[in-house]
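Input sequences plus hints: build the corresponding full structure.
In the numbering used here, the protein residues as written are 11 to 378.
Take the hints with a grain of salt, since some may be wrong.
Claimed, not checked - Quick list of in silico lysine-lysine cross-link-like pairs, DSS-like style, CA-CA up to 27 Å:
no., residue 1, residue 2
1, 181, 111
2, 167, 29
3, 361, 29
4, 167, 111
5, 204, 345
6, 251, 355
7, 355, 111
8, 251, 181
9, 29, 111
10, 29, 355
11, 361, 111
12, 167, 181
It is worth saying that the hints were derived from the structure and are not from the lab.
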Amino acid sequence: MRHLRVPSAETQAWLVQCKSNGWLASASVRALGEGYRGVPLLSSAPAESDPIWCGLMHMEMEEEGPTISHWVERLDPSLQELPPTTWPSAYELQGDVLMVKLEPATEPHAQAMAQAMLDQLPNVRVVCADNGVTGEFRVRELMPLLSRNGDMTTLTKVREHGAEMLVDPSKAYFSSRLSTQRHQTLHSLLSLRKERQRGLVIADPYAGVGPAFPMLMAEPGLLDGWLAGDLNPAAVELLTKNLNQWSRSLSAPPSVQRVVCRDARHWQDDPLLTQQADAVLVNLPHDSFDHIESLLPLFVRNEPVLLRGWAIRERGAEDEDRIHLGRLCENGGMKVQSVNLEPVKGFSATKSFVSFEAKGMFSDAFSS
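Next up, the structure:
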């Protein structure tokens, strides 16, 4: 069976990417030694030469004999006799933190379940019960159940596209599911840089812990600065640490480095933030369209610019939404060159998660 040879620290990120693309085989991840692991691939996965693998090697390995394939098999036999619906069918990993939603029938056996998970999943440090989102910033309410080494904290590191980032799912939102969209952001910005013939200043007012930035910083000459922020102070604290770490790899100091903990709709009131950005990212899916006009003053004048974002919209309304997006940009003073809006995935029976882009230019006539 073909396996993707990945650094151990990147195993979870590649598992997520392969699973989301339908390339992950059902076999176990293999320990390869020297800090590498083998992620099993289906025969339909792209060839080793495909750029999606970022230069990582493929290996053919013999399939192993029967093994314990699920953590439930590690429970005490008396617990294995309980109805299968007793046990959660899914969980989520961020770094070495495993998060699982518990049903009432599971709660009396939570410690046994957590131990079985730790025994089955060597990359996991702590197992947490996920009690849903809570509070003003809608972050997860996590209850640590059991730790491999006594460390019950939820601060961890995830690796995506070769970069490590600090995350804490109990304090700030992060999702690896947008990894493919971050690739597309890179491609769109490379196109803009080619047109502009210089590095770009990127504004990300909904940056969270900053996952949009490491891939951009890794591209030589692409990034000339950033306006980054979030309304959640805990997210901004992690964002600041991550940006400081990632920016060490830049060959030249950025022209703009500003991190802001403020409602994005009020960035337009700060002269240090307005008319600075060549591209603005809008990742607030439930409210993106409502915020767009407030963000347009961030753009530079008299040069091509890019608005890129994500939204949750009614299924089948893509044509109307493209028109609406164009009008929002025109109302804010943009001379619109092109508008694009495409469904990415379903969100509910009636709504879709979409990506959108608007390209154009602002003139000094619209400066405030």
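For this session: Hint by hint, work out which the structure violates, then give me just those numbers in ascending order.
Result: 6
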